[in-house]
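Trainee: So you can see what is in the structure, the chains are spelled out below.
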Amino acid sequence: MATTKDLWVFIETNSNGTPKNVGLELLNPGRRLADEQGGKLVAVVIAQDVSIAAKAAGDYGADCVLTVEGPEYENYSTDAYTAVFAYLIKKHEPLTLMIGATGNGRDLAPRISCRVETGLTADCTELSIDEQTGCIAWTRPAFGGNIMATILCTQHTPQMGTVRPGVFKRPQLVPREAEIIKESFAFDPNDIRTRVVEVLAEVTEKVDLEGAEIIVSGGRGLGDAVGFNLIRSFAKSIGATVGSSRAAVEAGWIAHAHQVGQTGKAVSPRIYIACGISGAAQHLAGMSSSETVIAINSDPDAMIFSIADYGVVGDLYKILPILQEEFRSKLTV
Amino acid sequence: MNILVCVKQVPNTQEISIDPETNTLIREGVESIVNLYDGYALEAAARLKDTDKDIKIYVLCMGPPQAETALRECLSLSADVAYLATDRAFAGSDTLATSLILSQSIKWIEGHEGIKFDAIFCGKQAIDGDTAQVGPQIAEALGLPQVTYGYTCECKGDELHILKETEEGKELVAVKFPCLATFTKPSFEPRMVSAKRRFAAKKMEIKHITAEDLEGIDRTKIGLKGSPTRVKKSFVPQARKSGTIFRGEEQEQSARELAKLLVENGLIVSIGEGG
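If you're matching them up, the sequences are chains H and R in order.
Its first residue numbered 1, the first sequence is counted upward by one per residue in the working numbering.
Its first residue numbered 1001, the second sequence is counted upward by one per residue in the working numbering.
Calculated directly from the structure, the hints in this document are not laboratory data.
Please note that a few of the clues may not be correct.
[Unchecked claim] Where chain R lies over chain H, by a calculated footprint (3+ residues, C-beta under 8 Å):
1. 57-68
2. 116-122
3. 148-155
4. 176-187
5. 235-245
6. 306-315
7. 326-332
Note that beta-carbon positions come from the ideal geometry of N, C-alpha and C, so glycine has one too.
Model the full structure from these sequences, guided by the hints.
Mentor: As structure tokens, this is what we get:
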């Protein structure tokens, strides 16, 4: 069992050493939970060069940054990263470990949980402390977003969970010096059992839905792929990022990188505009924490209207151009 | 060459809805299906077999006796041999306990059949739990290397080459046999069941594995009691309240009213390029 009350957050890095958003986002709930449990908030950085991510982790509120540096950690590998975590956990015995639910995070977390024999809860969207046990109450959607389950891990440590990118906002940036603890742990590159043969560069635009302030999403109601031209032009006019429903992605109208929902991205923008999206539970699971939801749909009974703050029942092909025209006339001086 | 595909029988979550009166899941009439992603894993194995007839495909499922239906579906599609790990002692297992049962079952099948598996394929996640944990946990329990989020794969000498999804696009990753791979939705649809295979599958034996068979398994680490995580409560997500919805027949008027409201309430504050 853990001898500390410390809460660890994995700050996943890109191969150039910059931190991915999700790790910094996790420092936000991490701060609150660590304070409530009376432990330190510890960021874990594993990279070829840890300096940038370690600095960022401190600036975003970590009390302490645990670093492991080496050329073998330039790119993520299941074998090396699992070994590092198993070593660190055994040595420092944290109470809690949170990992961003990125592709790599979801590859790594179950592997660690099995190696150190502890419980893991995937894709959490709410985090709190269970009053009865003092453990983390990990809340996550299941059954395609139809129900939420709150899960506890009371007899094993570290209590582990992954959290989807975009669920939490980054904490306030306060430049400061966190305590840096350098750990040396070398992993023989010959023991990394997977080898990247080829990176197939996809010519996809970078879609930052998680960081977007306004999102305009299109769904089945667009009717065809060409409909996204209207969505794109409308989005551009109000400085929004383009999202989509699963139906539109599965129809092949737009790339998966744009998908919002249970099997896409979780987003919490200031404004979410759903165009021709019915509002299936799995879509709502990814966007219902948006501050303001605006829905446009021709079906008056569409589920999306029951959760929308504003909406128009009607043809989005008529309505979007009018909105755009009205915004321009009201906002152009 | 022997490939084992792990499959789970799941309710078709796309058909699930919530009873607004009781706030509970309506399960009646919801069909049980082979988890979609496990179907993609099976298809990946079948495509390897298409090019090498010496490949034998085994399927393993943990679940109640009625999960035999899912295994028969796999036999109708492309699997050669099916095993069901079924025991009351397994019920209520979380992902870690499940991976322990499945990894021990895999070892048991290897002993029973006198074979070694060259590859273990899983779906990237199940559509009911959506955890994506059991595949990597089985790999860890068996000490195998893993590649997750595969689309397709190919045998190249003593390696399996897997085209996988990454956040930036795609990567081709090589891993030596034996290994474990998980699969996501590829760009093609898996094969359909043939009438001939379905007929043959009806008569095929599905071997059961019970807790007693798994001699080495630590009984304190399986089932509901042996699981490190437990569900404290489940609930229907709190519905956001509905706000101002313009439902009138004059769509153009509605759109103008909405625009006015959004600007007045400070929601849309600037208009840029293209506006």
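Trainee: Hints first: check each against the structure and report whether it holds.
Mentor: Going through the hints against the structure:
1. Here's how the stretch 57-68 of chain H fares: 0 of its residues keep a CB closer than 8 Å to some CB of chain R, so the rule of at least three is not met and the hint is violated.
2. Restraint check on the stretch 116-122 of chain H versus chain R: 6 residues with Cβ-Cβ distances below 8 Å, three needed, restraint holds.
3. Coverage of the stretch 148-155 of chain H by chain R holds in this model, with 8 residues showing a Cβ closer than 8 Å to a Cβ of that chain against a need of three.
4. Only when three residues or more bring their CB closer than 8 Å to a CB of chain R does the claim for the stretch 176-187 of chain H stand; here the count is 0, and the claim is violated.
5. Remark: the stretch 235-245 of chain H is confirmed as covered by chain R, as 4 of its residues place a Cβ nearer than 8 Å to a Cβ of that chain, reaching the required three.
6. By the rule of at least three residues with a Cβ nearer than 8 Å to a Cβ of chain R, the coverage given for the stretch 306-315 of chain H holds, with 10 such residues.
7. Given a C-beta distance limit of less than 8 Å, the hint that chain R covers the stretch 326-332 of chain H holds, as 6 residues qualify and 3 suffice.
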